[in-house]
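*Asks:* What follows is each chain in one-letter form.
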Amino acid sequence: MGITFRLAWRNLWRHPRRTWLTISAMIFSNAVLVFMMSLQLGTYELMIGNTLQFLTGHMQVQAPGFKDDMKMRQVVNDIDALAETLRDQLKLEDITPRSSGFALLSSDSRSYGAQILGVDPEYERRVSIIPSLVKQGRFLDTREAPEIVIGEVLARNLKADLGDEVTLLGSGRDGSFAAAVATVVGIFHSGITDLDRGIAEVPIGFFDDVFYMQGAGHSVVLITPGFWMIEPYKVRVEELIEDDVVVHDWDALQPGLKQAIQADLSGAMIIYTVLVILVAFSVMNTQLMSVLERTHEFGVVMSLGVKPARLGWLVILETTLMGLGGLCLGAAAGGLITLWFSYNGFSFPGMDQMAAQFNLPQRFFPQVTLLSLCLGPTIVFIGSLLSSGYPALRLFWLRPVEAMRTV
Amino acid sequence: MTAIRCINVCKTYHQGRDEIKALDHVDLAIDEGAFVCVSAPSGGGKTTLLNAIGGLDMPDSGEVWIGDTRIDQLNKGELAELRLRHIGFVFQAYNLIPVLTARENVEFVMEVRGVPSVERQKKSREILQEVGLEDLEGRRPAEMSGGQQQRVAVARAIVTDPSLVLADEPTANLDSKTSEGLMDLFAKLNKDHGTTFVISTHDRRVMAHARRLVKMLDGCIVEDIRQKGT
Ligand SMILES: Nc1ncnc2c1ncn2[C@@H]1O[C@H](COP(=O)(O)OP(=O)(O)O)[C@@H](O)[C@H]1O
Ligand SMILES: [Mg+2]
Numbered sequence: 001m002g003i004t005f006r007l008a009w010r011n012l013w014r015h016p017r018r019t020w021l022t023i024s025a026m027i028f029s030n031a032v033l034v035f036m037m038s039l040q041l042g043t044y045e046l047m048i049g050n051t052l053q054f055l056t057g058h059m060q061v062q063a064p065g066f067k068d069d070m071k072m073r074q075v076v077n078d079i080d081a082l083a084e085t086l087r088d089q090l091k092l093e094d095i096t097p098r099s100s101g102f103a104l105l106s107s108d109s110r111s112y113g114a115q116i117l118g119v120d121p122e123y124e125r126r127v128s129i130i131p132s133l134v135k136q137g138r139f140l141d142t143r144e145a146p147e148i149v150i151g152e153v154l155a156r157n158l159k160a161d162l163g164d165e166v167t168l169l170g171s172g173r174d175g176s177f178a179a180a181v182a183t184v185v186g187i188f189h190s191g192i193t194d195l196d197r198g199i200a201e202v203p204i205g206f207f208d209d210v211f212y213m214q215g216a217g218h219s220v221v222l223i224t225p226g227f228w229m230i231e232p233y234k235v236r237v238e239e240l241i242e243d244d245v246v247v248h249d250w251d252a253l254q255p256g257l258k259q260a261i262q263a264d265l266s267g268a269m270i271i272y273t274v275l276v277i278l279v280a281f282s283v284m285n286t287q288l289m290s291v292l293e294r295t296h297e298f299g300v301v302m303s304l305g306v307k308p309a310r311l312g313w314l315v316i317l318e319t320t321l322m323g324l325g326g327l328c329l330g331a332a333a334g335g336l337i338t339l340w341f342s343y344n345g346f347s348f349p350g351m352d353q354m355a356a357q358f359n360l361p362q363r364f365f366p367q368v369t370l371l372s373l374c375l376g377p378t379i380v381f382i383g384s385l386l387s388s389g390y391p392a393l394r395l396f397w398l399r400p401v402e403a404m405r406t407v
Numbered sequence: 001m002t003a004i005r006c007i008n009v010c011k012t013y014h015q016g017r018d019e020i021k022a023l024d025h026v027d028l029a030i031d032e033g034a035f036v037c038v039s040a041p042s043g044g045g046k047t048t049l050l051n052a053i054g055g056l057d058m059p060d061s062g063e064v065w066i067g068d069t070r071i072d073q074l075n076k077g078e079l080a081e082l083r084l085r086h087i088g089f090v091f092q093a094y095n096l097i098p099v100l101t102a103r104e105n106v107e108f109v110m111e112v113r114g115v116p117s118v119e120r121q122k123k124s125r126e127i128l129q130e131v132g133l134e135d136l137e138g139r140r141p142a143e144m145s146g147g148q149q150q151r152v153a154v155a156r157a158i159v160t161d162p163s164l165v166l167a168d169e170p171t172a173n174l175d176s177k178t179s180e181g182l183m184d185l186f187a188k189l190n191k192d193h194g195t196t197f198v199i200s201t202h203d204r205r206v207m208a209h210a211r212r213l214v215k216m217l218d219g220c221i222v223e224d225i226r227q228k229g230t
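Protein sequence lines correspond, in order, to chains A and B.
When we follow the working numbering, the leftmost residue of the first sequence carries the number 1, and every step to the right adds one.
When we follow the working numbering, the leftmost residue of the second sequence carries the number 1, and every step to the right adds one.
Excised from the complex, chain A in its bound form (with noise of 0.2 Å):
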């Protein structure tokens, strides 16, 4: 590695203004690469984050046709069963019964309808953050109890306050007429609309006995451990399951999500690929006139026994130079600003739409991931090396002959 190391590394500071450009185009695009992909990987982990942290959760386990057609009658039989085995089966405590129907709310002076769902307090409180999100009074804390807690948005509708008794009027499983009168024992603030003005939660033992469910259930709530995860613990839970029922995981579930995801990634995708084009030309450029100047000197070495393949080899050394260059300053660049704004936050014009549609919050805090470090570098430094890889290959035509009669 010695001279022809050398060698490399003093013929990039022949024109150093020249080495410098071109490294800077890679440190530029570099550090715009980690800035950019830290704020839209870390937006996306939000986004899905936030979404499936209220109620969605990674997966659940349903009756077939219950998530397009929310009917009370399509049911998981024994649900405390069913929750009980996955948590068993999977070693996990994250796992909880649902059920789910509609009724009408009535306080003294107004009546408004919501979704009400039946919750294990317990466990609830591992899937869904709703429970910790209650502003006044408590969350449920029994199974049975005739209690209830609202949205916030509900409450302020129903003229309801903590203490005060509400009326449930809906249809139970069997189609039956169904009524109860529960007790308002917290009000929680999502900050979510739809949430806090349509749901209210009472615990399922309360549900089964006003909606006739017999131990039925809607749905079993799963969180896995990592994001990275959900997919081996469907499988596992595929298998576990009777054939009666099925499991979905958040991306059937929330389909706006990954489609919101993915049409923002390809946008995005065609900036990285112009970027990432850019800097490979500019570096093309740089090699083949550098390449080019050195005609003369390339043909004597040959002249002396010297393989095309040797000088190739070192014109993608010196370019994997410079490409380290850009590669550890631009990230290093680009870690830096990302980390500014992680401090002070960050926000863009149109971010506020976005961020409504998805629970984010209008300041944005990118976070520094090695991925979002890497990747983009990562590609920008191989780009380099291929595009060099066009005058290295030139030097196999070289004839010494003729490139020592030019000067």
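Because the hints were derived from the structure by calculation, they are not lab data.
The beta-carbon is built from N, C-alpha and C at its ideal position, and this holds for glycine as well.
Heads up, a few of these hints could be off.
To be verified - Straight-line distance between alpha carbons at most 30 Å, and here's what the computed DSBU-like set of lysine-lysine pairs gives:
hint: 1; chain 1: B; residue 1: K76; chain 2: B; residue 2: K21
hint: 2; chain 1: A; residue 1: K71; chain 2: A; residue 2: K258
hint: 3; chain 1: A; residue 1: K307; chain 2: B; residue 2: K123
hint: 4; chain 1: B; residue 1: K122; chain 2: A; residue 2: K307
hint: 5; chain 1: A; residue 1: K307; chain 2: B; residue 2: K76
Claimed, not checked - Label pairs and their computed distance ranges (CB to CB):
hint: 6; chain 1: A; residue 1: E402; chain 2: B; residue 2: A29; range: 26 to 34 Å
hint: 7; chain 1: A; residue 1: R17; chain 2: B; residue 2: E78; range: 39 to 47 Å
hint: 8; chain 1: A; residue 1: Q262; chain 2: B; residue 2: K76; range: 25 to 33 Å
hint: 9; chain 1: B; residue 1: C220; chain 2: A; residue 2: W313; range: 39 to 47 Å
hint: 10; chain 1: A; residue 1: K258; chain 2: B; residue 2: P98; range: 51 to 59 Å
hint: 11; chain 1: B; residue 1: E78; chain 2: A; residue 2: L385; range: 27 to 35 Å
hint: 12; chain 1: B; residue 1: R113; chain 2: A; residue 2: E402; range: 19 to 27 Å
hint: 13; chain 1: A; residue 1: L278; chain 2: B; residue 2: D192; range: 56 to 64 Å
hint: 14; chain 1: B; residue 1: N8; chain 2: A; residue 2: L385; range: 45 to 53 Å
hint: 15; chain 1: B; residue 1: D192; chain 2: A; residue 2: E402; range: 32 to 40 Å
hint: 16; chain 1: A; residue 1: L370; chain 2: B; residue 2: E134; range: 48 to 56 Å
hint: 17; chain 1: B; residue 1: A29; chain 2: A; residue 2: R17; range: 52 to 60 Å
hint: 18; chain 1: A; residue 1: I277; chain 2: B; residue 2: C220; range: 51 to 59 Å
Once you have looked at the hints, place chain B with the ligands on chain A.
*Replies:* Then chain B with the ligands, alone, in the frame of chain A:
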């Protein structure tokens, strides 16, 4: 023993509609350890002949032998290998790598040949001393005179102990005193190492050093003089 043998070698260049016979049925045999000058006026075919002998360019017809190897039938890779292992080249000018120092220029060829680093350093020092440049080993070509650069080129050519050194008008860019010095160096290396030298020139003072003088004109050998006592 014969080091080089050219049999009926022809090379024709086409320039527009003109045909230029750069080598016209050349027959030449050069013994091992010889010290030969090829002289011709400019355009006489010196470079073409040396390139054919060195495997840099293919003749159109005829045979070129280096030792027992017929080289006009070798492929590019084999020719490169032949040049790397057995032939040293010195060209007219600008034939050093500008970003490497004198010693690194010498070492580069050795590195390509796979000589280990310790041996490279030892040999390059020895050889630079032999050509009288031990004090300038750290200089780059731009910091040396033409004569000094040519000495480095010579050092680079002989450091691999080639059996044959081909020098194409090595003194063309040098003043007469420096030329004399370089020719003396060639003669000394020829004597000490037994290396065969073929030097092309159109400078009479250079020809005077040769033990054998091959005169060419328009691609033909017109005279082959063996001088004595030099
Ligand atoms: N690549 C080439 N294309 C066309 N003609 C050439 C080429 N190389 C050499 N020649 C011609 O061949 C003849 C011999 O050239 P050369 O061997 O370079 O002569 P010398 O080295 O003695 O000056 C000259 O007439 C020259 O113009
Ligand atoms: Mg010539």
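*Asks:* Take the C-beta atom of R113 (chain B) and the C-beta atom of E402 (chain A), compute their distance, and say whether it sits inside 19 to 27 Å.
*Replies:* Distance hint for R113 (chain B), E402 (chain A) holds at roughly 25 Å.
*Asks:* Can you let me know if the beta-carbon spacing of E402 (chain A) and A29 (chain B) is within 26 to 34 Å?
*Replies:* Once the Cβ atoms are compared, 29 Å apart, the range 26 to 34 Å for A29 (chain B) and E402 (chain A) holds.
*Asks:* Regarding R17 (chain A) and E78 (chain B), is the given constraint of 39 to 47 Å on their beta-carbon distance met?
*Replies:* 42 Å, holds
*Asks:* Could you check the hint for me, namely that L370 (chain A) and E134 (chain B) are 48 to 56 Å apart, CB to CB?
*Replies:* Roughly 53 Å apart at Cβ, these two residues keep to the hinted range, so it holds.
*Asks:* So does Q262 (chain A) sit 25 to 33 Å from K76 (chain B), Cβ to Cβ?
*Replies:* 51 Å, violated
*Asks:* So if I understand the rule, the pair passes when the alpha-carbon distance is 30 Å or less; does K71 (chain A) with K258 (chain A) pass?
*Replies:* Holds - the C-alpha atoms of K258 (chain A) and K71 (chain A) are around 26 Å apart, at most 30 Å.
*Asks:* Compare the distance between the alpha carbons of K307 (chain A) and K123 (chain B) with 30 Å, and conclude whether the hinted pair is satisfied.
*Replies:* Holds: K307 (chain A) and K123 (chain B) sit about 22 Å apart, inside 30 Å.
*Asks:* Just tell me: holds or violated, for the beta carbon distance of L278 (chain A) and D192 (chain B) against 56 to 64 Å?
*Replies:* Given about 58 Å between the Cβ atoms, the range holds.
*Asks:* Range first: 51 to 59 Å. Now tell me if the beta carbons of I277 (chain A) and C220 (chain B) are that far apart.
*Replies:* 57 Å, holds
*Asks:* Kindly confirm whether 27 to 35 Å is satisfied by the beta carbon distance between E78 (chain B) and L385 (chain A).
*Replies:* 30 Å, holds
*Asks:* Holds or violated: 51 to 59 Å for the Cβ distance of K258 (chain A) and P98 (chain B)?
*Replies:* 58 Å, holds
*Asks:* Between D192 (chain B) and E402 (chain A), does the beta-carbon spacing fit 32 to 40 Å?
*Replies:* 35 Å, holds
Hint check: a violation occurs at hint 8 only; the rest are consistent with the structure.
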